[in-house]
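Colleague: Residues per chain are reported as follows:
4 protein chains.
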Amino acid sequence: MLDLAIFGAGRIGSVHGRDAAQQPGARLKYIVDPIASEGRAKLVAETGAQIVDAATVFSDMDVAGVIVASSTDTHAKLILDAVAARKPIFCEKPISLDFATVLKVAEAVEASGVACMLGFQRRYDPSFKAVRNRIASGAAGNLEQIVMHTRDPAPPQVSYVERSGGMFRDQAIHDFDQARYLTGEEIATVYAVGGSMIDPAIGAAGDIDCAMIVLTTVSGKLVSMNNQRRAPFGYDQRLEAFCAKEAFFIDNHARDTVTVGSAAGYTSAPPMNYFIERFADAYRAEMETFVAMITHGAPSLANIRDGVEAQRLAEAAIVSLKTGLPVGVDREWRPA
Amino acid sequence: MLDLAIFGAGRIGSVHGRDAAQQPGARLKYIVDPIASEGRAKLVAETGAQIVDAATVFSDMDVAGVIVASSTDTHAKLILDAVAARKPIFCEKPISLDFATVLKVAEAVEASGVACMLGFQRRYDPSFKAVRNRIASGAAGNLEQIVMHTRDPAPPQVSYVERSGGMFRDQAIHDFDQARYLTGEEIATVYAVGGSMIDPAIGAAGDIDCAMIVLTTVSGKLVSMNNQRRAPFGYDQRLEAFCAKEAFFIDNHARDTVTVGSAAGYTSAPPMNYFIERFADAYRAEMETFVAMITHGAPSLANIRDGVEAQRLAEAAIVSLKTGLPVGVDREWRPA
Amino acid sequence: MLDLAIFGAGRIGSVHGRDAAQQPGARLKYIVDPIASEGRAKLVAETGAQIVDAATVFSDMDVAGVIVASSTDTHAKLILDAVAARKPIFCEKPISLDFATVLKVAEAVEASGVACMLGFQRRYDPSFKAVRNRIASGAAGNLEQIVMHTRDPAPPQVSYVERSGGMFRDQAIHDFDQARYLTGEEIATVYAVGGSMIDPAIGAAGDIDCAMIVLTTVSGKLVSMNNQRRAPFGYDQRLEAFCAKEAFFIDNHARDTVTVGSAAGYTSAPPMNYFIERFADAYRAEMETFVAMITHGAPSLANIRDGVEAQRLAEAAIVSLKTGLPVGVDREWRPA
Amino acid sequence: MLDLAIFGAGRIGSVHGRDAAQQPGARLKYIVDPIASEGRAKLVAETGAQIVDAATVFSDMDVAGVIVASSTDTHAKLILDAVAARKPIFCEKPISLDFATVLKVAEAVEASGVACMLGFQRRYDPSFKAVRNRIASGAAGNLEQIVMHTRDPAPPQVSYVERSGGMFRDQAIHDFDQARYLTGEEIATVYAVGGSMIDPAIGAAGDIDCAMIVLTTVSGKLVSMNNQRRAPFGYDQRLEAFCAKEAFFIDNHARDTVTVGSAAGYTSAPPMNYFIERFADAYRAEMETFVAMITHGAPSLANIRDGVEAQRLAEAAIVSLKTGLPVGVDREWRPA
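Chains as they are written, first to last, in the working numbering: chain G, 1 to 336; chain B, 1 to 336; chain W, 1 to 336; chain E, 1 to 336.
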């Protein structure tokens, strides 16, 4: 029996904890979360895990892997502690809101040889994965353009916005990651425009809620990102990819498959609300991969380096937004 | 220049008259319609045709073909007159509401050798035609089931119902024709259920407004017809065909291609209203075929025999509805 | 902790067993299945249940409910044993292939007052349930027509066909149930046509693989069933309902939401294969309801009477198919 | 009878000529096209127009309006000649490939008071028009983002590319126009990236075949344009608009409404090929508007100033592409 521990029993932690516990041959032994929430109690009930402190986890020789799903400000230290304890890591993005810390943590992980998976769950979604694999196979012809849409169902509360690192680091980071994943290339230029059009309080907090970003890859492929903090119809998570011989359209997942025909026309259900539902399969696949990575060294679809590079693009987008100019990026680039 | 004449300048007559006039190398020389309507005036203005009486049409040696789009009670005589004048005929369905007359007219046409096309326009629709041809080619595998949906956008006025011959002869006749056209077989049994659920005045007039009909072909293929005099979303004209290797779904034609996403979900446009718009291409193709039939003997997709057989099925359905029993039909069957 | 026992650890038994074990406050204590299959082993591993014999289940005072998911020929006896032990029952359909036995068992259940839920899972599917509730609310206007499509992804093996009771008792029974559930009425007439067009071996075994059935309800509503043992594109499970003000279209559930655009047009994914995947939510909801029925007498959506009535319609359809005539049914009707 | 004249009897000239001739109360009196093509002969046959030279058109007092659909290099002079003859003008875009000439011609038109309609046909398409009007009504809430897709079905020949003025002036100009039309605002910044990925010969000719352009309006609305000279599935002409309360999706127009279900999934028809078919309704509406503009001064949806402003954005995009920097634009901006 493979023993796992999770840090954080909030919304996403509960998903990972439950999925981890349901992996054949694995169990969730420990939960580290100092706050006695309803979610934590539920996770305990469902998994039989014990509430302990971090030291217990890292000193228990039986713990074969740790899942970091606590608040962002704790990620860097937990990763470094896990590296010190030589425990394989699954970490939710982002690594840190401070890019210098991101780089430092990534270097430590890479130097240690401890396996570290990043929680870019979209890479594990059957639809996104199928499109990526088809493109990578060459059967669709040369990839020329990608257009992504990411819109939250409703704007987050300002208290969340304030500690989120901003829309680019918090929400768009998944799209930056997809740009690299789907093109199979590094990004060469980043240009971002945007502003606060949805909730003035978000603007007052120094963040934006609407943005468009254009990326070019080193070979000249074109990527368009269209991000908002609200869509009128709910959670919008779509992608279009245009290759020479095939184009791909990944649509939203509808809540049900009923269409109503009336004098108003045909009405069908809005998308699932929210990422927990939409990406339930992807989250399960992440834990399956994490267990496979621990037990027999299976490769993950996203590692700490992918976390670094996606965040580098978010940092570049922030610079572009401020300066009004495109930013050229490479492995050495970092914000001034 | 090929000279054509039309009987009837009402709704469907105006469509045929205009389409005939726009055929390259053809013109509409005469319109026969005793009622000075706005539609007749418009058709004259658009085509330059002259208003004349029937005798003028039949005695003019230059008239190369006649289009019968007048009221149903005039069809039989006009066909017989055209046969006598040896002028190729395009006739709107039905030939007559009286089946004995239908048989008599068909026999006269067939004995004469005068070409006679029946206005089953659905055979000329690009979608229905493509499905029929694909099935006939054998590429889709053996055809097993057909399911048709025909629903008017709104129930007709009772005055129309009273002279229509009833829903089976008036509306469902197109579906009976499609059953023969798509299966490429004659029908062996007819079973109909139905009643008046939409407009009590239709029931009071002795007709029905909702029906389901099941047909079997001589080889055992199964056909389902689902007919109503109203659909909540507008004109419903769909078909599903299930073969061994491929299934076909012919959908309605939407008024536009805009989808609106809101908190209520996604709403798209209702179907085109009504058959004049939905089958505009098919009506044009009918006149193109009629001209080709006249000029070089090109075959039509529906002749007077198809009109007889579709109506025989309507008559059998009427008997089935009355008796509550299925009716076995063949070339000799006729209502008692 | 609510203790449950399951009979049968095959395909559907595994689904119910797992779902039962995951109900909060419930556990699967016993599995009764004499055959040491891989599925049984997996179910034991996932639920921690013990393999026991039937006597142990019925004599254990702690067993609060039994799930009957064993082969059809065992259902009747297990239900009667559960009634004798006064244990609430969840039973997969059908109750028995012999209608006299069905009636006898139902009478025993009803006389005993022991709660008995029937496994018509489609009633628990969010889409079917939403449509049914909307219709029942009256907001959609009077229901006039229902058109159902049920097609298996591939024809069953002849060995299965031989012990299935035939396509009407085995597959179409769900549609018969839906006809009653959605119209909220009893059925008055049944007319069936069909034959073996897909696999001659099915015909040789005395069954059919294609059928169309028309039902009328006591108030005159019309229902069309279109059943096949294979669809070229996979599992076909759709429903259309036409009311005065709204029409409802329940579509298949696609395997993913990717569309590929190429010179051939747009291609999207086939339906989920098969009912285990398509109705996963419905199966979970069944067990949730079963637990609620046991713990606080919550009503189920389908009871043993619904099982009787659906099967009566299957029996009537068999008679109609044989005689070529419609069959009038009521609460007293039974096959000769 | 309103007499109209057309310059150019090529592909688009034939469409306009035929549509003009079919306007009630109007006729096409003259065609000016020095090349004796099949298209010109067909247009003469269909409309009864005479082939004449330009001088005849401008000196004929009866000519109430002129349609300029000849090659781009003739537009400027024909507009100025029409202004001199005080004849209302319908002109295909672009006015000229030389922006200084565009400005000069526009100033002459505006000073003269002669009505001049620009051929931005997308403004007349029922779907685009409906979306624009809904947004303009305010009912959808504040417009925040527009995402457009324009892809030709196949790359043009290099000979066409060489005289086209480049992809931005030739193809993307319609999208620039839509950006202004739908937002109801002027554009403040233009940023373009792109290259030749589809046909190296296009790159060798100094043009590009793939581009992404981001615009911001003066109030900060965001617009994304995704342009290519080829889509694998045919002509791609879509738009998405995101407002606070409603989002709009304008889809392609399919060639037919047949879906084929097979083991490969569901396949539906590719889009209509090409703009002549896709925008047939819009072209008709343009001529209807042109006639209404002549007869009673009805406003057109696009005038010469709209031509200037769309082309200004194309010029700015060319500068952005060359410099790699965004370009700030206003009414005074012009390329160096």
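Worth flagging that the hints you see were computed from the coordinates, not collected in a lab. Don't take each hint at face value.
Just so you know, same-sequence chains aren't split out, so a pair can sit in one copy or run between any two.
[Unchecked claim] Below 30 Å or equal to it, Euclidean Cα-Cα: the simulated DSSO-like pairs (lysine-lysine) are: (1) Lys77 <-> Lys104; (2) Lys245 <-> Lys42; (3) Lys245 <-> Lys129; (4) Lys245 <-> Lys322; (5) Lys322 <-> Lys42; (6) Lys129 <-> Lys322; (7) Lys104 <-> Lys245; (8) Lys322 <-> Lys104; (9) Lys77 <-> Lys42; (10) Lys93 <-> Lys42; (11) Lys104 <-> Lys42; (12) Lys93 <-> Lys77; (13) Lys77 <-> Lys245.
Colleague: So, for every hint listed, does it hold in this structure?
Modeller: Here is what the structure says about each hint:
{"no.": "1", "hint": "Lys77 <-> Lys104", "in the structure": "within (11 Å within a copy, 66 Å between copies)"}
{"no.": "2", "hint": "Lys245 <-> Lys42", "in the structure": "neither (49 Å within a copy, 36 Å between copies)"}
{"no.": "3", "hint": "Lys245 <-> Lys129", "in the structure": "both (19 Å within a copy, 29 Å between copies)"}
{"no.": "4", "hint": "Lys245 <-> Lys322", "in the structure": "between (38 Å within a copy, 29 Å between copies)"}
{"no.": "5", "hint": "Lys322 <-> Lys42", "in the structure": "neither (44 Å within a copy, 57 Å between copies)"}
{"no.": "6", "hint": "Lys129 <-> Lys322", "in the structure": "neither (34 Å within a copy, 36 Å between copies)"}
{"no.": "7", "hint": "Lys104 <-> Lys245", "in the structure": "neither (42 Å within a copy, 44 Å between copies)"}
{"no.": "8", "hint": "Lys322 <-> Lys104", "in the structure": "within (25 Å within a copy, 38 Å between copies)"}
{"no.": "9", "hint": "Lys77 <-> Lys42", "in the structure": "within (27 Å within a copy, 39 Å between copies)"}
{"no.": "10", "hint": "Lys93 <-> Lys42", "in the structure": "within (24 Å within a copy, 34 Å between copies)"}
{"no.": "11", "hint": "Lys104 <-> Lys42", "in the structure": "neither (36 Å within a copy, 45 Å between copies)"}
{"no.": "12", "hint": "Lys93 <-> Lys77", "in the structure": "within (14 Å within a copy, 56 Å between copies)"}
{"no.": "13", "hint": "Lys77 <-> Lys245", "in the structure": "neither (47 Å within a copy, 42 Å between copies)"}
Violated hints for the displayed structure, listed by number in ascending order: 2, 5, 6, 7, 11, 13.
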